[in-house]
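**Q** So you can see what is in the structure, the chains are spelled out below.
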Amino acid sequence: DAGVIQSPRHEVTEMGQEVTLRCKPISGHNSLFWYRQTMMRGLELLIYFNNNVPIDDSGMPEDRFSAKMPNASFSTLKIQPSEPRDSAVYFCASSRGTSVNQETQYFGPGTRLLVL
Amino acid sequence: KQEVTQIPAALSVPEGENLVLNCSFTDSAIYNLQWFRQDPGKGLTSLLLIQSSQREQTSGRLNASLDKSSGRSTLYIAASQPGDSATYLCAVGGSNYKLTFGKGTLLTVNP
Numbered sequence: 662d663a664g665v666i667q668s669p670r671h672e673v674t675e676m677g678q679e680v681t682l683r684c685k686p687i688s689g690h691n692s693l694f695w696y697r698q699t700m701m702r703g704l705e706l707l708i709y710f711n712n713n714v715p716i717d718d719s720g721m722p723e724d725r726f727s728a729k730m731p732n733a734s735f736s737t738l739k740i741q742p743s744e745p746r747d748s749a750v751y752f753c754a755s756s757r758g759t760s761v762n763q764e765t766q767y768f769g770p771g772t773r774l775l776v777l
Numbered sequence: 008k009q010e011v012t013q014i015p016a017a018l019s020v021p022e023g024e025n026l027v028l029n030c031s032f033t034d035s036a037i038y039n040l041q042w043f044r045q046d047p048g049k050g051l052t053s054l055l056l057i058q059s060s061q062r063e064q065t066s067g068r069l070n071a072s073l074d075k076s077s078g079r080s081t082l083y084i085a086a087s088q089p090g091d092s093a094t095y096l097c098a099v100g101g102s103n104y105k106l107t108f109g110k111g112t113l114l115t116v117n118p
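Quick mapping for you: the protein sequence lines, in order, are chains A and B.
Read left to right, the first sequence gives residues 662 to 777 (this note's numbering).
Read left to right, the second sequence gives residues 8 to 118 (this note's numbering).
Please note that a few of the clues may not be correct.
What the hints assert, rightly or not - Here are some chain B residues the structure puts well away from chain A; computed CB gaps all over 10 Å:
id, residue
1, Val27
2, Gly50
3, Leu56
4, Gly67
5, Pro89
6, Asp91
7, Gly109
8, Pro118
Said to hold, decoys possible - Cut-off 30 Å, straight-line C-alpha distance, at most; resulting in silico cross-link-like pairs (DSSO-like, lysine-lysine):
id, chain 1, residue 1, chain 2, residue 2
9, B, Lys75, A, Lys685
10, A, Lys729, B, Lys75
11, B, Lys110, A, Lys685
12, B, Lys110, B, Lys75
13, A, Lys729, B, Lys110
14, A, Lys739, B, Lys75
15, A, Lys685, B, Lys49
16, B, Lys105, A, Lys729
17, B, Lys105, A, Lys685
18, A, Lys729, B, Lys49
19, B, Lys8, A, Lys739
Unchecked claim - Quick list of the computed label-pair ranges, beta carbon to beta carbon:
id, chain 1, residue 1, chain 2, residue 2, range
20, A, Pro731, B, Asn25, 26 to 32 Å
21, B, Thr115, A, Thr765, 23 to 29 Å
22, B, Pro118, A, Thr699, 27 to 33 Å
If you are wondering where the hints come from, they were derived from the structure by calculation, not from laboratory data.
Glycine included, every Cβ here is placed at the ideal spot set by N, Cα and C.
All chains, please: the whole structure from these sequences, using the hints.
**A** Given below as structure tokens:
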């Protein structure tokens with residue numbers, strides 16, 4: 662298996678622009694997670710999907726952030742409009758979803774976002 | 008709110024040395040604890056997953072222990088190698104499926 666795939670790997674944009682990050686989870690995995698990693702705050706969970714349904718989006722920082730999972734093999738995280746403080750590495754992770762509390766999560770390589 | 012602390016923040020050791028990384032958490036009501044490795048510019052790789060009912064897990068030169076009552080876990084690396092150089096992250100899994108991460112320990116193993 663190719664593992665969790667994320668695109669783009671790097672994104673540089675200007676403040677106010679829309680940014681869309683993409684994720685393809687491991688085939689057969691039913692749970693998908695979006696995380697953000699910064700030096701100050703470390704890794705934080707933004708949103709969790711199970712069977713394509715958002716279960717918990719309490720970690721989404723504000724309304725500028727939105728996430729979708731239209732099917733089992735694709736998810737997007739959108740920031741509109743982007744701000745410099747959104748600069749971070751965004752990770753997508755997936756797990757089997759049969760017993761999510763006891764499963765390993767598999768992480769993608771991340772998207773490094775820089776908002777100027 | 009669960010808080011996870013990792014000490015030290017950075018560690019540098021000579022090749023061949025045995026070492027211990029520490030992780031502490033504030034809420035002992037956990038489902039599991041995981042240790043991850045993160046290489047520069049890359050994602051996280053799961054090393055060991057300890058269920059709340061377990062005391063330790065081993066994989067090759069790695070051994071992780073869990074003491075729920077004291078809110079502590081250790082990752083023991085035997086006979087360290089330069090290829091072990093990375094950031095090691097501890098993450099605690101709660102009943103709400105969320106993983107709470109520590110900020111990591113940056114390990115450098117010098118040849």
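**Q** Could you run down the list of hints and mark each one as holding or not?
**A** Tested hints:
{"no.": "1", "hint": "Val27", "result": "21 Å, holds"}
{"no.": "2", "hint": "Gly50", "result": "4 Å, violated"}
{"no.": "3", "hint": "Leu56", "result": "5 Å, violated"}
{"no.": "4", "hint": "Gly67", "result": "16 Å, holds"}
{"no.": "5", "hint": "Pro89", "result": "22 Å, holds"}
{"no.": "6", "hint": "Asp91", "result": "19 Å, holds"}
{"no.": "7", "hint": "Gly109", "result": "7 Å, violated"}
{"no.": "8", "hint": "Pro118", "result": "27 Å, holds"}
{"no.": "9", "hint": "B:Lys75 - A:Lys685", "result": "35 Å, violated"}
{"no.": "10", "hint": "A:Lys729 - B:Lys75", "result": "36 Å, violated"}
{"no.": "11", "hint": "B:Lys110 - A:Lys685", "result": "26 Å, holds"}
{"no.": "12", "hint": "B:Lys110 - B:Lys75", "result": "20 Å, holds"}
{"no.": "13", "hint": "A:Lys729 - B:Lys110", "result": "28 Å, holds"}
{"no.": "14", "hint": "A:Lys739 - B:Lys75", "result": "38 Å, violated"}
{"no.": "15", "hint": "A:Lys685 - B:Lys49", "result": "16 Å, holds"}
{"no.": "16", "hint": "B:Lys105 - A:Lys729", "result": "19 Å, holds"}
{"no.": "17", "hint": "B:Lys105 - A:Lys685", "result": "20 Å, holds"}
{"no.": "18", "hint": "A:Lys729 - B:Lys49", "result": "24 Å, holds"}
{"no.": "19", "hint": "B:Lys8 - A:Lys739", "result": "27 Å, holds"}
{"no.": "20", "hint": "A:Pro731 - B:Asn25: 26 to 32 Å", "result": "49 Å, violated"}
{"no.": "21", "hint": "B:Thr115 - A:Thr765: 23 to 29 Å", "result": "26 Å, holds"}
{"no.": "22", "hint": "B:Pro118 - A:Thr699: 27 to 33 Å", "result": "32 Å, holds"}
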